[in-house]
Amino acid sequence: MAFLVVYITEAHPSDVWQMQSNIKDQVVFASPKNEEERAFIAGACVRKLGIKFPSVLDEFGNSTERAYTGWPDRIYLIDAQGRVAFKSKPGPFGFLPDELSAALVRTVPAPTPNQSTSIQQPMGNPPASSPLASPATR
Amino acid sequence: MRWDKFKSRLNPSPATRRRLGIAAVVLAVVYLAFGSYIWWAMNQPPETFGRVMAKMPGPVPFLLFPFETFWMRARAGHLQVGDAAPDFSLLKLDKTERVQLSALNQRQPVVLVFGSYT
Chain A
1 MAFLVVYITE AHPSDVWQMQ SNIKDQVVFA SPKNEEERAF IAGACVRKLG IKFPSVLDEF
61 GNSTERAYTG WPDRIYLIDA QGRVAFKSKP GPFGFLPDEL SAALVRTVPA PTPNQSTSIQ
121 QPMGNPPASS PLASPATR
Chain B
1001 MRWDKFKSRL NPSPATRRRL GIAAVVLAVV YLAFGSYIWW AMNQPPETFG RVMAKMPGPV
1061 PFLLFPFETF WMRARAGHLQ VGDAAPDFSL LKLDKTERVQ LSALNQRQPV VLVFGSYT
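So the protein sequences, as listed, match chains A and B. So in this note's numbering, spot 16 of the first sequence is number 16, and the numbers just go up one at a time. So this note's numbering is basically just the index in the second sequence, starting at one, shifted up by 1000.
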């Protein structure tokens, strides 16, 4: 079982769609102008949020994001035959790790007792504080 | 009598009815146009959508329209459960190596978590 974070184009860069919640959390970044700047923000993201999964950087043309319709956030489970076994609904509304847990139980052989199939939301703001998830609070 | 006055208000003159009718049509057209604009924006690349949303007056699109329903449909994507996962080869953030999905996926399932910082 492998977990991979695919860091994709920013959801709320300061020059496009600034969120008050991000100002409050001091997570303010303008759109990166090249892959190096994107890698810098991605590195900050992984460090600050303490993401332990292996993480890769989508290339600057966003080809992987487009292939998976991953923006702004989304979860997939690919089975050992290379087929999509679970596809979450688009985030932030559809970013529900519990649904992944259920899909893992269905798809993956039972884990040994010291393994867990449950994950926490690994990156970005939790849905509850997301502007898309709680519009009435904006 | 008060009741007569009340009745006369409930039975507006033909001119008033016409004006109310026109106002209702105008409101409906504006509502549909605004809703269509939001739907269009959701189907654009993220940056275009973000720029549109940044100009929206506060929570208006969320309160007046079934925003979440629109979003789920607009961002549904074409990939379906059972489809072959599109392969990719991307550089790890620590730049130590590239990760190819098909190689990582050869003997084990893989969870992909898409996201960003902001």
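Derived by calculation from the structure, the hints in this document are not laboratory data. Ideal Cβ positions, reconstructed from N, Cα and C, are used throughout, including at glycine. Some hints here could point you the wrong way.
[Claimed, not checked] Some residues of chain B that are not near chain A, with every Cβ distance over 12 Å (derived):
| # | residue |
| --- | --- |
| 1 | 1005 |
| 2 | 1014 |
| 3 | 1067 |
| 4 | 1095 |
| 5 | 1101 |
[To be verified] Keeping only pairs whose Cα atoms sit at most 30 Å apart, straight-line, the calculated BS3-like set for lysine-lysine is:
| # | chain 1 | residue 1 | chain 2 | residue 2 |
| --- | --- | --- | --- | --- |
| 6 | A | 24 | B | 1005 |
| 7 | A | 48 | A | 89 |
| 8 | A | 33 | A | 48 |
| 9 | A | 52 | A | 89 |
| 10 | B | 1092 | A | 52 |
| 11 | A | 52 | B | 1095 |
| 12 | B | 1092 | A | 48 |
| 13 | B | 1092 | A | 89 |
| 14 | B | 1092 | A | 33 |
| 15 | A | 52 | A | 33 |
| 16 | A | 48 | A | 24 |
| 17 | B | 1005 | A | 89 |
| 18 | A | 48 | B | 1095 |
| 19 | A | 89 | A | 24 |
| 20 | A | 52 | A | 24 |
| 21 | A | 33 | B | 1005 |
| 22 | B | 1055 | A | 33 |
[Unchecked claim] One-sided excerpt, in silico: chain A residues whose CB lies under 10 Å from chain B:
| # | residue |
| --- | --- |
| 23 | 7 |
| 24 | 8 |
| 25 | 10 |
| 26 | 33 |
| 27 | 39 |
| 28 | 41 |
| 29 | 49 |
| 30 | 50 |
| 31 | 58 |
| 32 | 69 |
| 33 | 74 |
Would you mind confirming whether the straight-line C-alpha gap from residue 24 (chain A) to residue 1005 (chain B) stays at or under 30 Å? violated (56 Å)
Pair hint outcome, residue 52 (chain A) versus residue 33 (chain A) [Cα-Cα no greater than 30 Å]: Holds, at about 27 Å.
Checking hints one by one. Is residue 58 (chain A) an interface residue toward chain B, by the C-beta closer than 10 Å rule? holds (6 Å)
Does residue 8 (chain A) pass the interface hint, meaning its C-beta sits closer than 10 Å to a C-beta of chain B? holds (5 Å)
Pair hint residue 52 (chain A) and residue 89 (chain A), alpha-carbon separation not exceeding 30 Å: Distance ~24 Å between residue 52 (chain A) and residue 89 (chain A) Cα, so the pair holds.
Pair hint outcome, residue 1055 (chain B) versus residue 33 (chain A) [Cα-Cα no greater than 30 Å]: The given pair, whose Cα atoms are some 22 Å apart, holds under the 30 Å limit.
Interface hint check: residue 10 (chain A), Cβ to nearest Cβ on chain B, cutoff 10 Å. Holds or violated? Since chain B brings a Cβ to about 5 Å from residue 10 (chain A), closer than 10 Å, the hint holds.
Interface hint status, residue 50 (chain A) versus chain B (Cβ within 10 Å): Since the shortest Cβ distance to chain B is 13 Å, the answer is violated.
Restraint: residue 39 (chain A) near chain B, CB-CB cut 10 Å. Satisfied or not? With a closest approach of 7 Å, the residue 39 (chain A) hint holds.
Just to be careful: measuring from the Cβ of residue 33 (chain A) to every Cβ in chain B, is the smallest value less than 10 Å? Status violated, d = 13 Å.
Would the hint on residue 69 (chain A) be counted as holding, given a Cβ-Cβ threshold of 10 Å to chain B? holds (3 Å)
Least C-beta distance between residue 1014 (chain B) and chain A, which was stated to exceed 12 Å: holds (41 Å)
In this structure, the hints that do not hold are numbers 3, 4, 5, 6, 17, 21, 26, 30, in rising order.
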